[in-house]
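A.B. asks: Sequence:
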Amino acid sequence: MVRLAVLDGAGIGFFMEADIGDDIAAGWLERVLEDWMPSVAPLCAHYPGRKNPRAAFSAFIQAAREFGNARRA
Numbered sequence: 001m002v003r004l005a006v007l008d009g010a011g012i013g014f015f016m017e018a019d020i021g022d023d024i025a026a027g028w029l030e031r032v033l034e035d036w037m038p039s040v041a042p043l044c045a046h047y048p049g050r051k052n053p054r055a056a057f058s059a060f061i062q063a064a065r066e067f068g069n070a071r072r073a
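Going by full-length UniProt numbering, the first residue of the sequence shown is number 1, and it counts up by one from there.
Please note that the accuracy of each hint is not assured.
Here are the computed distance ranges between Cβ atoms for each label pair [said to hold, decoys possible]: (1) 60 - 30: 31 to 37 Å; (2) 25 - 50: 36 to 42 Å; (3) 65 - 15: 24 to 30 Å; (4) 55 - 16: 25 to 31 Å; (5) 69 - 47: 17 to 23 Å; (6) 4 - 38: 21 to 27 Å; (7) 48 - 8: 42 to 48 Å.
Simulated from the structure, these hints should not be mistaken for laboratory data.
The beta carbon of each residue, even a glycine, is placed where N, CA and C say it ideally should be.
Work the whole structure out from these sequences, hints included.
C.D. replies: Set out below in C-alpha cells:
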C-alpha cells in the first residue's frame with residue numbers, strides 16, 4: 001500500500017531493495033537520502049538443533065548461508 005502511494009507521488013517511503021528493485025530499474029522510483037540509510041543487518045536464523053532435520057529445512061539453511069556468503073564477497 002505504501003509502495004503504491006509512493007509510486008503515485010504521495011511522498012517518500014522506506015523499502016527493502018528487493019521489493020522495489022524493478023521499480024528503480026524502470027525509473028519509476030529513485031533513491032533519495034542515501035546518506036541516511038542504515039547499514040545492512042546480518043542474516044540470522046535461530047532454529048532448534050536436530051540430528052535429522054528435514055531435507056527442505058536443510059536446503060533452506062544451505063541456501064541462506066550461500067546467499068549471505070555471496071553478499072559478503
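A.B. asks: Look at each hint and say if it fits the structure.
C.D. replies: Now the hints, each set against the structure:
For the hinted restraint 31 to 37 Å between residue 60 and residue 30, the CB-CB distance of approximately 34 Å keeps it satisfied. Between residue 25 and residue 50 the Cβ separation comes to about 41 Å, which falls inside the hinted range of 36 to 42 Å. In this structure the supplied range 24 to 30 Å holds for residue 65 paired with residue 15, their Cβ-Cβ distance being about 25 Å. The given range of 25 to 31 Å is respected by residue 55 and residue 16, whose C-beta atoms sit roughly 28 Å from each other.
The supplied range of 17 to 23 Å is met by residue 69 and residue 47, whose beta-carbon atoms lie about 18 Å from each other. Taking 21 to 27 Å as the suggested C-beta distance range, the pair residue 4 and residue 38 conforms, at roughly 24 Å. In this structure, residue 48 and residue 8 meet the distance hint of 42 to 48 Å, their C-beta atoms being roughly 44 Å apart.
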